[in-house]
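Colleague: Generate the whole structure from the sequences, applying the supplied hints.
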Amino acid sequence: MSTINMQQLKKSYQDTEVIHGINMDIEEGEFIVLVGPSGCGKSTLLRMVAGLESITSGEVKIDEKVVNELEPKDRGISMVFQNYALYPHMSVYENMAYGLKLMKMPKGEIDNRVQDVAKLLQIQEYLQRRPSNLSGGQRQRVAMGRAIVRNPKVFLFDEPLSNLDAKLRVQMRMQIKTLQQKLAVTTIYVTHDQVEAMTMADRLVVLNNGIAAQIGTPMEIYDNPKDQFVAGFIGSPAMNFLDCEVSDDSIKIGQQSIVTPANVAQRGKLVLGIRPEHFNQSASDLQGTVQMIEKLGSSALLYIKMENSEQPVVIQCDNQLDVKIGDIYTLGFNEQKLYFFDANTQQRIY
Amino acid sequence: MIENRPMTTFVSHTVLILGVALIVFPIWVMLVASSHDALRLTQVPLPLLPGNQFWINLKLLFSGKGFSAPIHLTLMNSLAMALMISVGKIVISIISAFAIVYFKFRFRMFFFWMIFLTLMLPVEVRILPTYEVIANFGMLDTYAGLSIPLIASATATFMFRQTFLTIPDELMEASRIDGAGPMRFFFDVVIPMSRTNIAALFVILFIFGWNQYLWPLLVTTDPDMYTVVMSIKQMLESGENEPQWHLIMMTALVAMLPPILVVIFMQKIFVKGLTDSEK
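Same order as they appear, the protein sequences are chains A and B.
So in the working numbering, the last one in the first sequence is 350, and the numbering has no gaps at all.
So in the working numbering, the last one in the second sequence is 1279, and the numbering has no gaps at all.
Any given hint could be a false lead.
The calculated label-pair distances, taken between Cβ atoms and stated as ranges, are [unchecked claim]:
| hint | chain 1 | residue 1 | chain 2 | residue 2 | range |
| --- | --- | --- | --- | --- | --- |
| 1 | B | 1143 | A | 112 | 50 to 56 Å |
| 2 | B | 1195 | A | 70 | 32 to 38 Å |
| 3 | A | 101 | B | 1092 | 45 to 51 Å |
| 4 | B | 1195 | A | 224 | 56 to 62 Å |
| 5 | A | 129 | B | 1015 | 46 to 52 Å |
Everything labelled a hint here was simulated from the structure, so no lab data went into it.
All values derive from a computational prediction rather than experimental measurement.
From the three backbone atoms N, C-alpha and C, an ideal C-beta is built for every residue, glycine too.
Modeller: Here is the structure:
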């Protein structure tokens, strides 16, 4: 159980700055997920906490102690890598015991700890096997075992599930989350998968180009995205954006228009955002042509082509809906669920 | 290509048989010659079938009679030299490859290319200055003089570098987090993971070392330090006397054995080391 604080954390490679000053306070036992598109700096940030990347400026504190200059092994962390990074020439047991052996722990205690963790993760039967004889999910658990057995202050996960198939990923997602709650170890978890991010996080950090675009609980971020990037990134399928022009009595979207909601005070060019799941099928505001239908089983996604807009509008609706490709479809908005963004700064206004 | 035409089968077999014969025939001649006495080998035509002198010749060779050094001495010298060269080469090049791959220091690439450039300078090119150095160090007629100048190896360094580049960086990072310093990582991860490559290289280097001819010829003057390969040459120049062909052939036969044994016993691991990557 430890706290982590980051103050004005920056990282540059030669002259290019890739992390532009991150401030964050992580509480004891919290599960923090760093999420963002590839190349946004989330792995770099994690590796800076781990001590695998040097810190250009700013501070990382673990338990109120600045760890900038400490070697990874002295920071009290353990890390799970995307490709697991198990030592291929050692058995599962040796893989887990290696770190403890280097700590000069007595053999008996090593054995106790490895056996305990193996039991926790249900990998006792494979202890004598080599990693190459294990399946992806088993390797994943061994990698976690190696992290847990060191009894760290902080867990760091670097996209640990992206090498697994979809079904296993959902399973492991739950396991990791349950395990973390049980062990109550402060955790930083990096992923590009926003479903993973939403389901696992106590708090989410959405990173965009080396800046923390928003930090908050998953629902906070889903309900109140700070800007267009966060709004588009969190939520699946992604939020629809429509360019619009707001005047006193109407909002013009292409050739069509809707009545201006009372809470929208700013006039001029804005971007209207609406989530696919927030359309109101009983209202009728805009019309478009059905371009494609994706049946998901429990629901269906309609792709509606609007005039003057290249991106189709995605609507999540009832699976039983009777529409065909080429039909004219009428969209209805739920006024409370509309988001407005500034067209230039992309900041959320309403 | 799967074809079943008798003509192609015939042609391809002929080519293969010719190829094998080309290599096997000299060895056969050697085997035959080593089993006759000196007199028979001076008569024409040369025998093509084995004689009955094989064990007698072998005994003669090990007794050292009529020669400057008995063969087991030269064999020991060859073995010592070949082992020192191959072990030395592996140790030095694995360490330099480790430095080049895993450490960031100034002029890293410069050093790599410097090592690489020495590939273009075989022993023969630098043999005179090397001799001068060894002579000044007083290492003539020693095992050190025989092996040290041949130990530096660009090929092996390059090969280990390529092997290390295939070891994922995450393993290094994982071991850093586990608390392993660079040398711990080297011994606990890098070396075990390069086992097969080390073995493959050992086979190549052992044969390279065993077959050294020019260098031992230069640095040894004491018959007790002769290696077996060069001793064959010495036998040919035995002054006024007729060359003792039956013993020369027997020596060649015995000299061929150790490299063959190394290849036979390490063949499996050798092929694995050159082709397999278990990462």
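Colleague: Quick check: does the Cβ-Cβ distance between residue 129 (chain A) and residue 1015 (chain B) fall within 46 to 52 Å?
Modeller: holds (48 Å)
Colleague: Verify the CB-CB distance for residue 1195 (chain B) and residue 70 (chain A) against the hinted window 32 to 38 Å.
Modeller: With a Cβ separation near 34 Å, residue 1195 (chain B) and residue 70 (chain A) satisfy 32 to 38 Å, so the hint holds.
Colleague: Is it true that residue 1143 (chain B) and residue 112 (chain A) lie within 50 to 56 Å of each other by Cβ?
Modeller: holds (51 Å)
Colleague: Tell me if the beta carbons of residue 1195 (chain B) and residue 224 (chain A) are separated by a distance inside 56 to 62 Å.
Modeller: At roughly 57 Å between Cβ atoms, residue 224 (chain A) and residue 1195 (chain B) fall inside 56 to 62 Å, so the hint holds.
Colleague: Does the Cβ pair residue 101 (chain A), residue 1092 (chain B) satisfy 45 to 51 Å?
Modeller: About 29 Å separates the Cβ atoms of residue 101 (chain A) and residue 1092 (chain B), which means 45 to 51 Å is violated.
Consistency note: the structure conflicts with earlier hint 3 alone.
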